[in-house]
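Please assemble the complex out of the two chains, which come individually in their own frames, going by the hints.
Chains A and B, in that order, give the protein sequences. Counting in numbering that gives the first Met the number 0, the first sequence runs from 0 upward without gaps. Counting in numbering that gives the first Met the number 0, the second sequence runs from 0 upward without gaps.
It cannot be assumed that every hint is accurate.
[What the hints assert, rightly or not] Below, a list of computed lysine-lysine pairs in the BS3-like style, where the Cα atoms sit at most 27 angstroms apart:
1) A/Lys411 with A/Lys427
2) A/Lys415 with B/Lys318
3) A/Lys406 with B/Lys308
4) B/Lys180 with B/Lys34
5) B/Lys180 with B/Lys221
6) A/Lys169 with A/Lys90
7) B/Lys13 with A/Lys411
8) A/Lys167 with A/Lys124
9) A/Lys406 with B/Lys312
10) A/Lys249 with B/Lys180
11) A/Lys474 with A/Lys406
12) B/Lys312 with A/Lys411
13) A/Lys418 with B/Lys13
14) A/Lys249 with B/Lys318
15) A/Lys415 with B/Lys13
16) B/Lys318 with B/Lys308
17) B/Lys34 with B/Lys13
18) B/Lys312 with A/Lys249
19) B/Lys318 with A/Lys411
20) A/Lys134 with A/Lys169
21) A/Lys191 with A/Lys347
Source of the hints: derived by calculation from the structure; they are not laboratory data.
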Amino acid sequence: MQQRVTNDFTIRVATVNGSGSQSSNLVLTNAIFRLGIPVAPKNVFPSNIEGLPTWFDVRISSRGYQCRTRDVDVLVALNPATWRTDIAGVKAGGAVIHEASYPIAGESQRGDVVYYAVPFNELAKANFSDGALRKYLLNMIYVGIVGELLGISEADVEAAIAAQFKRKAKAAATNVEAARIGYTYAREQLTKTDRFTLERITGKTDGLSFMDGNRAAALGCIMGGCTVAAWYPITPSSSLCESFISLADKYRTDSQTGERRVAIVQAEDELAAIGMVLGAGWAGARAMTSTSGPGISLMAEWAGYGYYAEVPAVIFDVQRAGPSTGLPTRTMQGDVSFAYTLSHGDTKHIVLLPATVQEAYTMAMDAFDLADRFQTPIFVLSDLDLGMNPWMTQALPYPRRPFDRGKVLREKDLDKLEKWGRYRDVDKDGVPYRTLPGTNHARAGYFTRGTGHDEEARYSELPDVWQRNLDRLIKKHETARLAVPQPLVEGHGHPLAILAYGTTHHAVTEARDILERLGIETDYMRVRALPFSPDVAAFVARHERVYVVEQNRDGQLYGLLRVELPDHLISRIHSIRHYNGVPIDAHAIVDPLLQAEREPAVVAE
Amino acid sequence: MTVNLIGLSRDVYKGLPTTLCAGCGHNSITNHLIKALYEFGVTPHLLAKMSGIGCSSKTPAYFVEQAHGFNGVHGRMPSAATGAKLANRDLLVLGISGDGDTASIGLGQYAHMIRRNVDCVYIVENNGVYGLTKGQFSATADQGSTLKNGTPNEYSTIDICGLAIELGATFVARSFSGDGKQLVPLLQAAFAHRGTSILDIISPCVTFNDHEGSTKSYAYVKDHEVTINAPDFIRPREEITVDYEPGTVQEIALEDGSRVLLRKVDRDYDATSRIDALSLIHETRRDGEFVTGLLYADTGVPDLNEREKLVQKPLKDLKEDELRIPRTEWDALFTT
Numbered sequence: 000m001q002q003r004v005t006n007d008f009t010i011r012v013a014t015v016n017g018s019g020s021q022s023s024n025l026v027l028t029n030a031i032f033r034l035g036i037p038v039a040p041k042n043v044f045p046s047n048i049e050g051l052p053t054w055f056d057v058r059i060s061s062r063g064y065q066c067r068t069r070d071v072d073v074l075v076a077l078n079p080a081t082w083r084t085d086i087a088g089v090k091a092g093g094a095v096i097h098e099a100s101y102p103i104a105g106e107s108q109r110g111d112v113v114y115y116a117v118p119f120n121e122l123a124k125a126n127f128s129d130g131a132l133r134k135y136l137l138n139m140i141y142v143g144i145v146g147e148l149l150g151i152s153e154a155d156v157e158a159a160i161a162a163q164f165k166r167k168a169k170a171a172a173t174n175v176e177a178a179r180i181g182y183t184y185a186r187e188q189l190t191k192t193d194r195f196t197l198e199r200i201t202g203k204t205d206g207l208s209f210m211d212g213n214r215a216a217a218l219g220c221i222m223g224g225c226t227v228a229a230w231y232p233i234t235p236s237s238s239l240c241e242s243f244i245s246l247a248d249k250y251r252t253d254s255q256t257g258e259r260r261v262a263i264v265q266a267e268d269e270l271a272a273i274g275m276v277l278g279a280g281w282a283g284a285r286a287m288t289s290t291s292g293p294g295i296s297l298m299a300e301w302a303g304y305g306y307y308a309e310v311p312a313v314i315f316d317v318q319r320a321g322p323s324t325g326l327p328t329r330t331m332q333g334d335v336s337f338a339y340t341l342s343h344g345d346t347k348h349i350v351l352l353p354a355t356v357q358e359a360y361t362m363a364m365d366a367f368d369l370a371d372r373f374q375t376p377i378f379v380l381s382d383l384d385l386g387m388n389p390w391m392t393q394a395l396p397y398p399r400r401p402f403d404r405g406k407v408l409r410e411k412d413l414d415k416l417e418k419w420g421r422y423r424d425v426d427k428d429g430v431p432y433r434t435l436p437g438t439n440h441a442r443a444g445y446f447t448r449g450t451g452h453d454e455e456a457r458y459s460e461l462p463d464v465w466q467r468n469l470d471r472l473i474k475k476h477e478t479a480r481l482a483v484p485q486p487l488v489e490g491h492g493h494p495l496a497i498l499a500y501g502t503t504h505h506a507v508t509e510a511r512d513i514l515e516r517l518g519i520e521t522d523y524m525r526v527r528a529l530p531f532s533p534d535v536a537a538f539v540a541r542h543e544r545v546y547v548v549e550q551n552r553d554g555q556l557y558g559l560l561r562v563e564l565p566d567h568l569i570s571r572i573h574s575i576r577h578y579n580g581v582p583i584d585a586h587a588i589v590d591p592l593l594q595a596e597r598e599p600a601v602v603a604e
Numbered sequence: 000m001t002v003n004l005i006g007l008s009r010d011v012y013k014g015l016p017t018t019l020c021a022g023c024g025h026n027s028i029t030n031h032l033i034k035a036l037y038e039f040g041v042t043p044h045l046l047a048k049m050s051g052i053g054c055s056s057k058t059p060a061y062f063v064e065q066a067h068g069f070n071g072v073h074g075r076m077p078s079a080a081t082g083a084k085l086a087n088r089d090l091l092v093l094g095i096s097g098d099g100d101t102a103s104i105g106l107g108q109y110a111h112m113i114r115r116n117v118d119c120v121y122i123v124e125n126n127g128v129y130g131l132t133k134g135q136f137s138a139t140a141d142q143g144s145t146l147k148n149g150t151p152n153e154y155s156t157i158d159i160c161g162l163a164i165e166l167g168a169t170f171v172a173r174s175f176s177g178d179g180k181q182l183v184p185l186l187q188a189a190f191a192h193r194g195t196s197i198l199d200i201i202s203p204c205v206t207f208n209d210h211e212g213s214t215k216s217y218a219y220v221k222d223h224e225v226t227i228n229a230p231d232f233i234r235p236r237e238e239i240t241v242d243y244e245p246g247t248v249q250e251i252a253l254e255d256g257s258r259v260l261l262r263k264v265d266r267d268y269d270a271t272s273r274i275d276a277l278s279l280i281h282e283t284r285r286d287g288e289f290v291t292g293l294l295y296a297d298t299g300v301p302d303l304n305e306r307e308k309l310v311q312k313p314l315k316d317l318k319e320d321e322l323r324i325p326r327t328e329w330d331a332l333f334t335t
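In isolation and in its complexed conformation, chain B is listed as follows (with noise of 0.2 angstroms):
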C-alpha cells in the first residue's frame, strides 16, 4: 500500500460521496485538496475543516472522513475559524467558501480575517453564481456578464484577490478547478504559510452559470485564463531536482522551511510586490481576462496568535493552576 510521509494511505483523506451536481468545478477543487493534503501529509487530527454556507461550503463532507468539520452560518465562518485557532493553535485550519459566502454576506468577516492575518487557509470557490438558491448574481460576477435567462449584471465586480492584497493579505493566489498541476502545489504552499492564505478558485457551475453570456463558465475561463507562474512546492530539506533556467525562477521561502518557486510564465513577474499583483489583477480584468498563480506572497508576516502572544500550549488545554488567580493574591483585590 503506497502511503504519504506520515506513513497514511490516500483513502484516509477522502470523505463522503459528494452531492452536488455531476461537473461541479467545486467536485475537482475536492479532488485536488484530497491530493494536496495527502501529499503534504497532514495530520487528519489536527486538520479543523470550516465552511459556511452554499454549495462550497458543503464540500469539507467530501474529504478527510475522520476530521473535525465545522459548517457554521452563512459568511460568518472566517470568525469561527478565528476563534478554533485561538483555542487550539496546533490545528490546521482550512476554511472553504464561495463567492456569495465570501464576497457578499461575509465580506466584512473575510475583510477583518485578512486584517488579523488569522493562521488559516481560505478557499473561495468562486463560479459567480448563488447555486443552492438556484441561479442569482453573486458579488464577483463581472460587469456585463448575464445570467442564464439574458439578464445582464449591472453592478462592478468584487475581485476576491484584489480586496485581498488591499487588506494587507499574507498569500494570495488565484487559481482554476481543473488546474490540478497549478492548484496542488499552490494549496501546499498555504499549508505551510503561517498566516492567512487566500485562495480564489475559479470553479465554474454547470448547471447556473456554464452558459454563453457567463465569464465563469468552462469555456470563457479556458479562453481567457493568465497564467502569470507556475508554481512547485518543496518541502523543507528538499532538494531541488529540476533545472530552472538563471532568472526564470523566483523562489519564496516560507516559514515552516518549506519553499516555492515560481516559474515565469508570461512575463516577468514579482509575487513580492503588492503594487505590481494590483496591477496585474487591475490590467487583465481591463482585457477581459483573468491571472492565475501565486499572486502575492508576504511572508514571516505575524499572524494573529503571535502578535497576540498566546503561550504555545493550546489554550483549550490550560488548567485552573494556569488561569486563576493565585489564593495568595486575591484578598488585595477587595480594599477600598
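Chain A on its own, in the form it takes in the complex (with noise of 0.2 angstroms):
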C-alpha cells in the first residue's frame, strides 16, 4: 500500500438521479462527522426528477476546509451512463468502487487506481424482495462498503442512519440493514489496498452541525418578524419559502385554536409575488420573497417601483446559472450587478451578500430591519451552493436587539406635528417618516406612487422636483454605506490582495493558504454589502494588486467596481472569474492569480 492519506481526501458518489441516493450521501455525510472530522459535503444534481446522472462529493478536510475541490480520491460508480467519464476524473493514486457488472476495459482501464468491484444489484436483490425499495437500499449499500473500507465504525452509520429516519423507525431499521450487508460483503470478500483512511479526531467539529443557507435564511425570516411572504416555486430558493413554511407551522401556529401569526401565499408569478410582499410592506408588514435570476428578471419592474415609492421589502435571490433558464439546479454570483440596478433608469438598491450559513441567518434579519430603516427593496444574494448545500455551522445565534421598525409617525407623532411631509429629509441623511394605513389621524394619508412626487407625495412633474428627490434617493443610498454589513479583513500589510464575495469566500480561503506555501501572502476583503463600504476604496488604495475573484464571466463585481472607485485605483484591480456552474474551487483562483503575477501584462486591463 502508498504512504496512508488520512482524513484528507474527497469521496464522489455517481449516481442516478431519482434513485434515493441523497439520503445515504447524507448518511455518510454525517457518520464522517460524527468521527470529528469536518466535512464539506457538494451536490451537483441535474434538472431533472429521475434518470439523469447526479454526483455527490463529500470533501473530507481536517483543516476544514468548505469548497468544493476538483480531487476526486475514492470513486462510488452506480451509474454506467456515466461509468467511464468517472473513472476518468479520479486522482491518480485513487481507489474506485464500482458496480461489479461494469467493464473494465479500454478507457475504463487505468493502472493508477485500486479497483473494488461489488456486486451492488446481486446483493440487493438476494437480500430484499420489494423491488421499488430495492434501488434505495442499494444505495445503503455502498455505504456500508465505503465505511468498511475507510474506517467507520458500524455504530456511527447506524447512529447517521437513526438520524436520517428519525421519524421513521422502519425504514430506519431497513437501511441499517442494508448498509450492513455492504460491511459483511467488504470484510469478507474485498481486501483493503488503497490509502485512504478515516480516523477520528477531535477538537475540529465541536459545536457544528449541519444546515443548509435556505434553511437558515428562512429561520432569519422567523427571528425577523416576517409575516407576509410570497413566492413562486423556483430551483434553488425553493427550499427556503419550504423551510419557512415547515418553522411556521411549527412556531407561528396557535396549537389551540390553530390561528396563525404569518401568511404565506404560493403566488401565480414572481410579478404578483413581488407585488403582495410590496403591497404588505407599505401597510406595514415585514414581507419577503425567495426566487432565483429568472424570477428577479420578472420583479424589475416592481422593484423600481419600491425603490422610488419607498416600500420595504426583502427579496431572497438564490442565485443560479444563467441566462435564461440556464442551468437552474447549478450555481453563480450571475445577479449582483443586475440586482444592484434592477428595473429602468436612477434605480440604486442595497444589496447583502452572504457567504456562510450565519450569515444567511444574520443578514436575512439584518434585511428586515435594513428595509423598515431605509424603506425599500432590500435584495439578499445568496447561492445554489450556499442556500441547498449542507454546510457545517455553529448554533445559530439568539437575536438579543429588537426589531429596528424605522421612521414611522404613529398617531401621537401625528399630535404633535403641525405638518408632515412623506419625503421630506427631516433628518438630513435622504431617509423620510412614513405612516402606515390604518392610521387614526386624519392627517396621516398619503398617496403612494411611482409617478413623479414632490415633499408632499403630490403629483409633479416639475424639473426642480424630480431632481430634487433622486439626489434625496442618492443621499439615501449614501448613509447606507455605512448601515449595511461592512467588509472584513483577513491578513495585513501585503502589497497583494484578494477581494471577494458570498460563496467564493471558502475557496478564497484554502487559495491563500496554497499561495502562502508557495511563499506569497496575501491580504483579503471579504464585501459583504452593496452599497460599497468606503472601506473597499480605502482597501484597494492600500495595495499594489487587488484580484476581485468571483463566479461570473463578466466580472460584475470588478465592474461595479471600476465604476465606483476613484480613478487612480482601478488600475490596482484585476479580475478572476469562474462560471461553469459548479462552485469556485482553490484552483481556480490559484492558477489564474500566479499567472497574472508572473505575466503581469497579459492581465493588465
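Structural data, given as C-alpha cells:
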C-alpha cells in the first residue's frame, strides 16, 4: 500500500437521479462527521426528477476547508451512463468502488487506481424482495462498503441512519440492514489496497451541526419578524420558502386554535409575489419573497417602484447559472450587477451578500431591519451552493436586539407635528418618515405612487422637484453605505490582495493557504454588501494589486468597482472569474493569480 | 352640518380635483363612490385606495383625500391589494382598475385575486379603450366595434363579469357610470361583502370612444342596457320600509349582517345561480346588449385571510414575542 492518506480526501458518489441516493449520501456525510472530521458535502445534481446523472462529493478536510475541490480520490460508481467519464475524473492513486458488472476495459481500465468490484445489484436482489425499495437500499449498501474500507464504525453509520430517518423507525431498520450487508460483504470479500483512511479526531467539529443556507435564511425570516411571504416555486430557492412554511407551521401557529401569525401565499408568478410583498410592506408588515434569476428578471418593474415610492421589501435571490433558464441546478454569482440596479431609470438597491450559513441567517434579519429603516427593497443574494448544500455551522445566535421598524409616525407623533411630508428629508440622511394605512389620524394618509412626486407626495412633473427627489434618494443610498454589513479583512500589510464576496470566500480561504505555501502572502477583503463601504476603496488604496474573484463570466463586482472606485485606483484591480456552474475551487483562483503575477502584462486591463 | 353614521361630513370623502377629461365616465363613478362611501360610513383611515396604471387608476386621488392611496404598476394592483389585506385585515381595500389594466396586462393577477377570494372591492372602469396612450383598443372592446378612425376590432372580447364568475368570484355586478341609482347600492353591498367584489362599470370615454362605431359610447350604452335587477342596500338591523310585491324581490344576506334586496326588473332571475348568470351574460352579448345589476353573489365563502387562518390582530402589529421562536426552544434546532 502507498503512503496513507488520513482525513484529507474526497469521495465522489456517482448515481442516477431519483434513485434515493441523497439519503445515503447524507448518511455517509454524517457518519464521517461523527468521527470529528470536518466534511463539506457538495451535491451536483441535474434539472430532472429521474434518470439523469447526479454526483455527490464529500470533501473530507482536517483543516476544515468547505469549498469544492477538483480532486476525486474515492469514487463510488453506481451510474453506468457516466462510468467511463467518472473513472477518468479520479486522481492518480485513487480508489474506485463500482458495480461489479461495469466493464473494465479501454478507457475505464487504469493502472493508477484501485478497483473494488461489488455486485450491488445482486446483493440488493438477494436481500430485498420489494423491488421498489431495492433501488434505494442498494445505495445504503454502498455506505457499508465505504464504511468498512475507510474505517467508519458500524455504530457511527447506524447513528447517522437513525438521525436521517428520525421519525421513521421502520425505514431506519431496513437501511441499517442494507448498510450491514455492505459491511459484511466488504469484510469478507474485499481486501483493502487503497491508501485512504479515516481516524477519529477531536477539537475540529465542536459545536457544529449541518444546515443549508436556505433553512438558515428561513430561520432569519422567522426571527426577523417576517409575517407575509409570497413566492413562486423556482430552483434553487424553493426550499427557502418551504423551510419557512415548516417553521411557521411549528412556531407561528396557535396549537389550540390553529390561528396563524403569518401569511404565506404561493403566487401565480414572481410579478405577483413581489407585488404582494410590496403591498404588505406598504401596509406595515415585514414581507419577503424568495426567488432566483428568472424571477428577479420578472420583478424588475416592481423593484423600481419599491425604490422610488420607498416601500420596504425583502427579496432573497438564491442565484443559479444563467442567462435564461440556463442551468437551474447549478450555481453562479450572476445577479450582482443586475440586482444592484434592478429596474429602469436611476435605480440603486441595497444588496446583501451572505457567504456562510451564519450570514444567511443574520443577513436575513438584517434585511428586514434595513428594509424598514431605509424604506426600500433589500436584496439578499445567496446562491445554490450556499442555499442548497448542507454546511457545517455553529449554532445560530439567538437575536439580541428588537426589530428596527424605522421612521414610522404614529398617531401621537402626528399630534405633535403641525405638518409632515412623506418625502421630506427631515434628518438630512435622505431617509424620510412614513405613516401606515390604518393610522387613526386625519393627517396620516398620503398617496403612494411611482409617478413623479414632491416632498408632500403630491404628483409633480416639475424638473426641480424630480431632480431633488432623485438627489435625496442617492443621499439615502450614501447613508446606507455605513449601515449595511461592513467588509471583513484578513491579513495585513502585504502588497498583494484578494477581494471576493459570497460563497467564493471558501475557495479564497484555501487558495490563500496554497499561495502562502508557495511563498505568496495575501491580504483579503470580503465584501458583504452593496453599496460599497468606504473601506473598500481604502483597502484597494493600501494594496498594489487586488484580485477580484467571483463566479460569473463578466466580472460583475469587478465592473461595479471600476465604476465606483476613484480613477487612480482602477488600475490596481484585476479580475478572476469562474463560471462553469459548479462551485469555485481553490485552483480556479491560485492558477490565474499565479499566471498574472508571473506575466503582469497579460492581465493588465 | 349633515353627517353620516360615523359623524363625518360628506366633504371628508372628497378628494383632489379630477385631472381627467370633462365628461369622462370615470368622474361620475368617483362621485357615486363618494356618495356610497359617505352613506355607508366607511372609516377614512381604514380605507386603502389601490390602483394600477391608466386613466381609471388616477381616480383614487379624487376621493377620500385623507385615506392612504397606493397607485402601483400597470396591471399589478391585485397583488399589492392582496399583500395589503394580509398585512392589515382591518383595512377596507378598494381597488380601482380599468379595462386595459385588468383585461390585458393584468389579466393573470385579476384571475388569481378572484381565485383566492381576497377581501376587497375591485372596480373596473370599463371604456373599451386605452385613454392615456390615446385611443388604442382594449381587450374588452366588442368584436366588430371600431376605433375613432374606423379601424374595426377583429378579436373576441373579454367579458370581465363572465370571466370572474367562471373563476369562482363571490360577488359580480355590472353597472353604468351614469346610473348612480343602481351603482351606489351595489357599491355599498360590495363594501359589506367579505371576499372579492367585482364591479364592472361601463364608463364611456368621451375623447376616444364615444363615436358611432363604438359599443361603449353614451348613446350605445343607453340604447342597449338591459337592467336585470335594481338593488337596494339594507344595512344591519335596518328595517325594510318599502313594500315589495311578493315574488318580485330576491334578498341576499351579506356577511356583516346587511342585505341587498334585488328588485326584479325584466324577468325572473336568480342572482345566486352561476349558470343563470353565465347564460344571461352570453345571451345579452349575442344580442348586442349588455346587462347590468347584481349578476352573481355567493356569500359566506371563506376569504383569503380566513383560509389562511390569520389571527384577528393585524399581522403588521405583531411583536417580537409573538413572532420569534422562544429562547427555550432554540437550541433544539441545532443538532445533527
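Quick rundown of the hints versus the structure:
no. : hint                   : verdict
1   : A/Lys411 with A/Lys427 : 23 angstroms, holds
2   : A/Lys415 with B/Lys318 : 25 angstroms, holds
3   : A/Lys406 with B/Lys308 : 30 angstroms, violated
4   : B/Lys180 with B/Lys34  : 11 angstroms, holds
5   : B/Lys180 with B/Lys221 : 15 angstroms, holds
6   : A/Lys169 with A/Lys90  : 39 angstroms, violated
7   : B/Lys13 with A/Lys411  : 25 angstroms, holds
8   : A/Lys167 with A/Lys124 : 23 angstroms, holds
9   : A/Lys406 with B/Lys312 : 22 angstroms, holds
10  : A/Lys249 with B/Lys180 : 51 angstroms, violated
11  : A/Lys474 with A/Lys406 : 16 angstroms, holds
12  : B/Lys312 with A/Lys411 : 21 angstroms, holds
13  : A/Lys418 with B/Lys13  : 20 angstroms, holds
14  : A/Lys249 with B/Lys318 : 18 angstroms, holds
15  : A/Lys415 with B/Lys13  : 26 angstroms, holds
16  : B/Lys318 with B/Lys308 : 18 angstroms, holds
17  : B/Lys34 with B/Lys13   : 9 angstroms, holds
18  : B/Lys312 with A/Lys249 : 19 angstroms, holds
19  : B/Lys318 with A/Lys411 : 19 angstroms, holds
20  : A/Lys134 with A/Lys169 : 17 angstroms, holds
21  : A/Lys191 with A/Lys347 : 59 angstroms, violated
Comparing the model with each numbered hint stated earlier shows that hints 3, 6, 10, 21 do not hold.
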